[in-house]
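Respectively, the protein sequence lines represent chains A and B.
Quick note on my numbering: the first sequence kicks off at 1 and runs consecutively.
Quick note on my numbering: the second sequence kicks off at 1 and runs consecutively.
What the hints contain is simulated information worked out from the structure, not anything from laboratory work.
As the structure is a prediction and not an experimental result, all values here were calculated from the model.
Warning: the hint list may mix true and false statements.
[Stated by the list, open to error] In silico DSSO-like pairs for lysine-lysine, Cα to Cα no more than 27 Å straight-line: (1) 68/B <-> 54/B; (2) 5/B <-> 54/B; (3) 5/B <-> 104/A; (4) 57/A <-> 71/B; (5) 104/A <-> 71/B; (6) 37/B <-> 5/B; (7) 57/A <-> 5/B; (8) 5/B <-> 56/B; (9) 37/B <-> 57/A.
[To be verified] Anything over 10 Å on all C-beta distances counts as not near chain B; from chain A, calculated: (10) 8; (11) 15; (12) 16; (13) 35; (14) 61; (15) 70; (16) 79.
[What the hints assert, rightly or not] Far from chain A, some chain B residues (derived; all Cβ distances over 10 Å): (17) 7; (18) 55; (19) 56; (20) 72; (21) 79; (22) 91; (23) 101.
Glycine residues also receive a C-beta, built at the ideal position from the N, C-alpha and C atoms.
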Amino acid sequence: KAGVTQTPRYLIKTRGQQVTLSCSPISGHRSVSWYQQTPGQGLQFLFEYFSETQRNKGNFPGRFSGRQFSNSRSEMNVSTLELGDSALYLCASSLWQGAATNEKLFFGSGTQLSVL
Amino acid sequence: DQQVKQNSPSLSVQEGRISILNCDYTNSMFDYFLWYKKYPAEGPTFLISISSIKDKNEDGRFTVFLNKSAKHLSLHIVPSQPGDSAVYFCGAGGTSYGKLTFGQGTILTVHP
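Use the sequences and the hints to build the structure in full.
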């Protein structure tokens with residue numbers, strides 16, 4: 001089974017631009033979550049989608065948005081980029097089993113975003 | 001509000017010795033906990049988990065201990081190997097769909 005695939009692996013943007021990141025979950029996984037990793041802050045939860053609906057959202061500004069398609073693939077968009085948005089963005093998928101307990105996330109390799 | 005904390009940014013151990021990574025949490029609603037390992041340029045990979053109804057879970061060289069009263073968990077790696085050198089993230093879940101709350105990570109370096 002193929003793992004979680006994220007594209008692109010690297011991105012360089014300038015302040016004020018916008019960016020779209022893509023994630024293809026493991027086949028059969030319907031839940032997709034996004035995380036931001038920065039040094040010292042660990043993994044910060046952005047949002048989670050299931051069946052094209054956002055079920056949960058972290059404490060990030062509205063510049064960060066996402067969506068999920070009918071095939072469970074997901075995209076994340078960041079508008080009006082700021083220097084502080086430079087980070088590794090990780091997508092994770094999980095096999096939703098009807099409860100929030102014991103949910104194991106499978107992560108992609110991430111997209112490294114650099115904002116200049 | 002950091003609900004999951006890993007207070008040691010780094011840990012250095014000798015090959016063959018025990019590595020102990022610690023994690024504290026504040027939210028008593030968390031009911032399961034996981035450890036992930038991350039190598040550079042790769043995504044985190046699941047290592048081991050424990051439910052709140054247990055106080056210990058073992059998988060080969062890895063053992064996770066949970067102390068609910070202290071809201072503390074630890075990961076023991078015995079014996080440590082150079083290939084264990086990575087960033088280790090403690091995560092907690094059970095409160096929200098698709099959301100694990102992670103600590104800041106601990107960089108483990110195992111010297112030959």
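We went through each hint and held it up to the structure:
no.: 1; hint: 68/B <-> 54/B; verdict: 9 Å, holds
no.: 2; hint: 5/B <-> 54/B; verdict: 21 Å, holds
no.: 3; hint: 5/B <-> 104/A; verdict: 20 Å, holds
no.: 4; hint: 57/A <-> 71/B; verdict: 25 Å, holds
no.: 5; hint: 104/A <-> 71/B; verdict: 21 Å, holds
no.: 6; hint: 37/B <-> 5/B; verdict: 16 Å, holds
no.: 7; hint: 57/A <-> 5/B; verdict: 21 Å, holds
no.: 8; hint: 5/B <-> 56/B; verdict: 20 Å, holds
no.: 9; hint: 37/B <-> 57/A; verdict: 24 Å, holds
no.: 10; hint: 8; verdict: 14 Å, holds
no.: 11; hint: 15; verdict: 25 Å, holds
no.: 12; hint: 16; verdict: 28 Å, holds
no.: 13; hint: 35; verdict: 8 Å, violated
no.: 14; hint: 61; verdict: 17 Å, holds
no.: 15; hint: 70; verdict: 18 Å, holds
no.: 16; hint: 79; verdict: 23 Å, holds
no.: 17; hint: 7; verdict: 12 Å, holds
no.: 18; hint: 55; verdict: 17 Å, holds
no.: 19; hint: 56; verdict: 17 Å, holds
no.: 20; hint: 72; verdict: 17 Å, holds
no.: 21; hint: 79; verdict: 26 Å, holds
no.: 22; hint: 91; verdict: 8 Å, violated
no.: 23; hint: 101; verdict: 7 Å, violated
Of the numbered hints listed earlier, those contradicted by the structure are 13, 22, 23.
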